[in-house]
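Residue numbers (our numbering), protein chains in the order written: chain A, 1 to 692; chain B, 1 to 372; chain C, 1 to 161.
To be clear, the hints were calculated from the coordinates, so they are not data collected in a lab. Hints should not be assumed to be uniformly reliable.
Claimed, not checked - Derived lysine-lysine pairs resembling DSS-like cross-links, with alpha carbons at most 25 Å apart: (1) K31(B) x K224(A); (2) K207(A) x K165(B); (3) K346(A) x K649(A); (4) K336(B) x K125(C); (5) K342(B) x K55(A); (6) K42(C) x K109(B); (7) K165(B) x K212(A).
As the list claims (entries may be wrong) - Rough simulated footprint, nothing fancy, chain B against chain C, three-plus residues with beta-carbon under 8 Å: (8) 36–47; (9) 96–108; (10) 152–159.
Stated by the list, open to error - Covered stretches of chain A, as calculated for chain B (at least 3 residues, CB under 8 Å): (11) 52–60; (12) 209–216.
Idealized CB from N, CA, C, for every residue including glycine.
Below are the chains, spelled out letter by letter.
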Amino acid sequence: MFKPVEMVKVNLLTLENYRDVLLTYLHEKGVVELREVSSGIDALEREVLDDVYRKASSYSISISRLADFLDRYRRRTKGGIKAVFFPREKSKKSYTYEGPQKLIEDVERFLAEAEPEIKELESRMGDLIAEIDRINVAIETLELLSNLDLDVHYMRSTRLLEITVGLVERQKFEPMVAELRQVTNDAVVATVRELEDRILTIVVVLKRDFDKVNPVLAKYSFEKIDIPEGRGTPAEVLEDYRRRLREKEEELKKAEEEAAELADRYYEDIVFYKELMENERDKGNALSMLRRTKFTLLLSGWVPKDELDEVIGGVKELTDGKVHVEVSEPSREEVEDVPIKLKNPKWLAPFEMITEMYGVPRYDEIDPTPIIAFTYSFFFGFMLTDFFYGLIVAIIAALLVMGHRKFQNGTYRFAYTLLWSSMFTMGMGILFGSYFGNAGDIVVRYLTGNPSFHFPRIADTLRDPIFVLELALAIGLAHLFTGYTIGFIVKLKNGDKKGAILDQLSWMLIILGVALLAVKMKTVGEGLFGVGIILFAVGEVVNNGGLAGLLIISDFFGFVGSWLSYARLMALALATSGIAMVVNILTQMVWGVSIGPIKLGILMGVIVFVGGQLFSTAINALGAFVHSLRLQYVEFFGTFYSGEGRQFKPFASRREVSEVRLNKEKLNGVAKSGSGSGSGSSVSVVVENGGA
Amino acid sequence: MGVAAISGILDTTVALVFTYIAYKTGAYIHKYTPYSYPNARIKAMEAKLFDEQRFNELAESGNLENFVASLEDTAYREYLTALGGDLTPWNIERALDEALADTYLLMAKIMPGRVRGFFKLLADRWDVKNIANVVKARTAGEDPERYIVEAGSLFGRVQAMAEAKTPEEMLVALEGTQYAEPYQRYLLGEISLAEFETELYRRYCGTLKDYVSSRKGDERVILEEFMRLRVERVNVLTILRAKRSGIPPEVIERFILPGGKLKLEPLINAEDLGMALAELDSTEYGKVIWEVRETVEKDLAVIEPVLSRYILRRMRDMERFYPLSVATAVAYTLEKEEEVRKLKAIAKLIHDGVEPDRIKELVSEAELVEEV
Amino acid sequence: MDPIVYVALGAALAAGIAGAASAFGVGIAGAAAAGAIAEDEKNFKNALILEGLPMTQSIYGLITLFLILLSAGIIGSGFKFSANTTQNIVKSAILFGAGLTVGLTGLSAIPQGIIASSGIGAVAKNPKTFTQSIIFAAMAETMAIFGLVGALIMIATGVGL
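Full structure from sequences and hints, please.
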């Protein structure tokens, strides 16, 4: 809690033959974040991407294309709402890893079988689709011509005559015909049929005149139409084309069936090999971080301290001890480079998501997750403030938590934070006596016949908003005070005494002063406030010199603005009870409606009530989420937090549909056979303790 | 104060406040709302632009069949499949050009009416290219059909020109457009082929400029800046190339496009390439070409990508300054052009049998040859 | 004008202007959402959440409408300021002012819609910017909240609930 996982920098020096083994081991382990090896030694070369990895990257592309194709036609099992809450785990296929070369061979063997079959079908379907497009174009043309009672045969050029069919704009028609007559010495025939704003024209000229006619047609933007194949009148040909269209569509449907069958057969394998190849490609991309000489290999990266022993042990075992390991603590200069992995107890860990969305702390900063977990949930609860709304959210969140626990994914983490928030919502709902707004009161009043009954509450949000406002501002003050205090502690610890006193302590004193003034402790309050203001002003002068005058004013009002911003706690709480009440009033209005003996109003009332309250829950929960987040990010983090750390992104494999067992003997066999004469046992583990 | 006085003051205040707010709100909504849809859509399209890795994968294709197959999951697909199996770099280039022209037309479709025409005009760039190519092919005695791209609003006429047998027939097909006159002058021998081409571009630029000047407010500012940068880029390149070849100033002047703000006389009249570059140093382009200042005297090609990147950077700046404006679309079209350019280069290099690693290297600094 | 006119206008403007502004805001963001979906359906969820943000102002308007009517007695015992005295006019004018405050600050829904619209674009390009976009959009709402706080103080201290 409060501190990210301790990291150490590890440098590994081993024999070049162990490269693939080592990379695979670290990739599967997934606890090292690689760094480019930095050294001033010229003899070190960059690792080059060799053929195996290049093939892996090209296969991963071609396989993913096959996967995309099959995925489009795959038969899906419809899970409905249950799949949303309780998605099934994907089954994992196992693969025994014996080195990249062997894997590539396996993939090639699989592709040799599956690829031609899939490609063939794909191109057949492509042809069918193209054919259907062609037919559709022809049909469109024929529809245009369909009111001509003329055999299409006559619309095609003959040996002597050039016949052109096309469309021309109405106002261009006359001049065009005139010019055509002119250039051909009247040896032109033009038949017409008027469409809406254009004129369908058939131009017939002698073949030898066509060269003169063509530019004229272009000049008047004459839009040529290609006459589709066939015999008979356009209407007859059209019928023929429609029949062909139906046939082709039928064929396409059959091909889609086939694709579905192929998907049944191959899809799982394809996804499986795709994952294997992508992991291999990932390893290939990491090569550029490594350095080598002719026989040795240098690798460097950050490892969480608690994983260190296991990793080193594993590496030693794999390389038969032919490895030199150097471990160092992060130095002062490296603070910004250290990757940050947040460390919190299991019941808090999902809230790390909220911190990560903003940005993880620097290595020397504090991890605010434990505080945020409470304040975020509490603010959410304050803004939703209704027992039943909280219950609805809680049920949904609890189902999601249960269904997604096994994945530990984003949905799980979000649902978990929502579950906490809903607890606070229910608590605040009871505190303010809100059960679907005032619906609880109304129902109990009706049942007991006591017209002035209301649930116990500290205040009615709508009747006494000023109290809620004061409460919100008090909470805001406390929240900001916490922030400045944390900042004070962090700065003291990092040796920045000046910053701690001038930037943080000043505000703490100001806040204390304001708080004391509010509870009528005038003298002490004024004193603290005064000291705070003086410290703050001094701080501005020290930090900004000449601009201090302006910045004192703007920063002070910035603080006031941040504080008043907590009024949103009240505003959203009010919004919740407001909408809930409107829904209740509407329900009461329709409740009494009846047509004759049928009490239609009850049905309508139930619909209005359920629909309205669900809508209200959704819209207010959205508001509560957004604004609670905002209060953390903008107001709270503004007091002390930078969020400039780099998140820990380990060099790790992705295993969703595959699991890999390393066949160490084979792998080592590969390495050994290449290593030639053993260079003796050079096991050495040097642990250095750097600065920091 | 009496009741009437209070009421009076209140009523007047309310009326004033309302008028002001209604006006402001209306202006605000009018300004931004039409860009909401296109902006989001273009941003989503930007997510689909190829990244470095994609280009590298394409460079690895080995042959043109694979290259085309690799583009199957993209929007280029329909243009490339239309080629059938006839894969030559030139055919691919034409298909890619069509895709690019359709990008402009898509912009024209989704952008608000008040700037729609601009993107239509951008697509009309191929009219100029096609006409020039047809005329050039005719002069060289080649089949013009091979050199035209199916794009631009005059495409029907261009096709007729390509089919025409005599120059007179070609002229008839052009009649009624602004390009007929230069062609006539070319036929009469008044201007050279190169001058004819410049004249076409000059007229095209004029149309664009007229359109841009007829816009208002932010749109005019952004589009004018865009036009200025494009024209100046072409002019700077023309002058530098001419200087390298030692072409006299009075000839250079004939190839200058109007519309830039840069003072070109000192450049044109500079003694040699070195002096011209020295002149350029004191303009806004001095900083732009700074990074390639050393190599540029030896190899002029390096300056083109630098200038193109500068235009893109300026447009991105404008996008930040005028969010939800036409700048988003303009910047996107620039990036799309860049993408198409790189794809063309890759196709050509693959065809020439260049090694994948070398292609990657070349494409990351792809030579960018493009007119306005 | 009669007190009832002020009270009714105040309530109407609070809910009306804020509501209309919310409608504009959601409309602007909605156009962006449609654009983002047109390219990629995966943008749906993010766009939907961002689109919903400018809705809050209409809720503030509605609450103010309710509080004004409550304060003037229209909900409950009956209209309190029916007599045309200076004091009643002042009180109803305060209610009018409260309504106007919320109505006009509710106009922040329009810029919020524009921010949300840009945000939808940004998220469509890079989904990682989702949180930032939400926070940016939430910024614009602060003014509406201040307006609501001001109106509450006006109603509670100037007229009483």
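Verification of the supplied hints:
1. A distance of roughly 41 Å separates the Cα atoms of K31(B) and K224(A); the hinted pair therefore is violated under the 25 Å criterion.
2. Note on K207(A) and K165(B): the hinted pairing holds, with a Cα-Cα distance of about 13 Å set against a maximum of 25 Å.
3. Simply put, K346(A) and K649(A) have alpha-carbon atoms about 20 Å apart, close enough for the 25 Å limit, and the pair holds.
4. Among the hinted pairs, K336(B) with K125(C) is consistent with the structure: their alpha-carbon atoms are about 15 Å apart, no more than 25 Å.
5. With a CA separation close to 23 Å, the supplied pair K342(B) and K55(A) stays within the 25 Å bound.
6. Restraint check: the Cα-Cα separation between K42(C) and K109(B) comes to about 23 Å, which is no more than 25 Å; the hinted pair holds.
7. Of the pairs offered as hints, the one joining K165(B) and K212(A) holds, with about 9 Å between alpha carbons and a cut-off of 25 Å not exceeded.
8. Figure legend: the region 36–47 of chain C, annotated as covered by chain B; annotation consistent (6 residues with Cβ-Cβ distances under 8 Å, at least 3 required).
9. Coverage of the region 96–108 of chain C by chain B holds [criterion: at least 3 residues with CB-CB distance below 8 Å; count 4].
10. Restraint check on the region 152–159 of chain C versus chain B: 0 residues with Cβ-Cβ distances below 8 Å, three needed, restraint violated.
11. Check on the region 52–60 of chain A: 3 of its residues sit with their Cβ under 8 Å from a Cβ of chain B, so the three-residue criterion for coverage holds.
12. Given as covered by chain B, the region 209–216 of chain A passes the check, having 5 residues with a CB less than 8 Å from a CB of that chain where 3 are the minimum.
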